[in-house]
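K.L.:
Just so you know, the sequences run in chain order L and S.
Residue numbers are given in the working numbering: position 7 of the first sequence equals residue 7, and the series is strictly consecutive.
Residue numbers are given in the working numbering: position 198 of the second sequence equals residue 198, and the series is strictly consecutive.
Hints listed in this document are in silico derivations from the structure and should not be mistaken for laboratory results.
Keep in mind it's a predicted model, so treat the numbers as computed, not measured.
Selected chain L positions facing chain S (in silico; Cβ < 10 Å):
1. Thr2
2. Arg6
3. Lys29
4. Arg32
5. Leu40
Just a sample of chain S residues kept apart from chain L, beta carbon distances all over 10 Å, derived:
6. Ala5
7. Leu13
8. Ser57
9. Ser98
10. Val109
11. Leu120
12. Arg129
13. Leu139
14. Ile145
15. Ala189
16. Ala192
We put the CB at the ideal spot given by N, CA and C, even for glycine.
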Amino acid sequence: MTSAERYVTAAYLVVLGVVLVYLVIYAFKLARLERETAELAELARRGRGGSETGAAKPEEVPR
Amino acid sequence: MAALALLLAGLALAFYWVPDAPLEGFRQRIFYIHVPVALTAYACFGWAAWKALRLLSTRDQRYDLESYTAVHIGLIFGILTLVTGSIWARTSWGVWWSWGERQLVLFLVLFLFYSAYFMLRYSVEPGPRRASMSAVYTLFGVVLIPVSFLAIRLAEGLIHPVVFDRDVGSNLAGSQLLTFVVCLGGTLALAAALYGNELVGKRVDERLRELREALE
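Between the sequences and the hints, there should be enough to build the whole structure, so can you do that?
P.N.:
Quick look at the structure:
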């Protein structure tokens, strides 16, 4: 492989590498969003469970 | 998928079909990735400016996220432009960087300008004020694009090659032009795909934050 061929290959590999790094970062972001969605779903479920059992929130207590 | 197909086709054309350039030889093939990537960066910054203008004219806050996402993707392509350009400079001129080249320095200024956008954005509390400031900053940056683009023609005694001038046919053969167009299509499609995905991710992130605030 000549010097020019090495540099040309390196230029194309850099582009491929940066796109791959971006995709890996994006995959981590998707995993975080999935985790947060699950946490919020759990939070919402607990909140609904509390209201269904009749436990009134402090601001809902009749005076 | 279109982006992947175009990029793979462009890669195959650049390596196996297009003939060696008379002066530069094999190393001229960096052109087919470097120039499309640079033009895509300009396109992203231009798109960001258009969204910023829409924000300022309509006050619709959704344009803020779109403008921000376009700057984000533009910076990724800006990094690629600098790195591939540097590799090309090394193999053609024997140096990684030349401060005497206005085209290079102006692109670096453009890149640093948009890098500073993030510092500005995250130093202000989220809201309409931050959106307006970011939009104005983005519009200032877009002025640098034609300057950067035309610098090569305005400069004197430069070594950066001019490929596209008034008579494109004299600089690029048919096969070279076709390869370039396919590669440009590929990088633009890639930028569009990244922009779309990133925008969806940022919107979901924002909605989740609102939902968390509502639930807690």
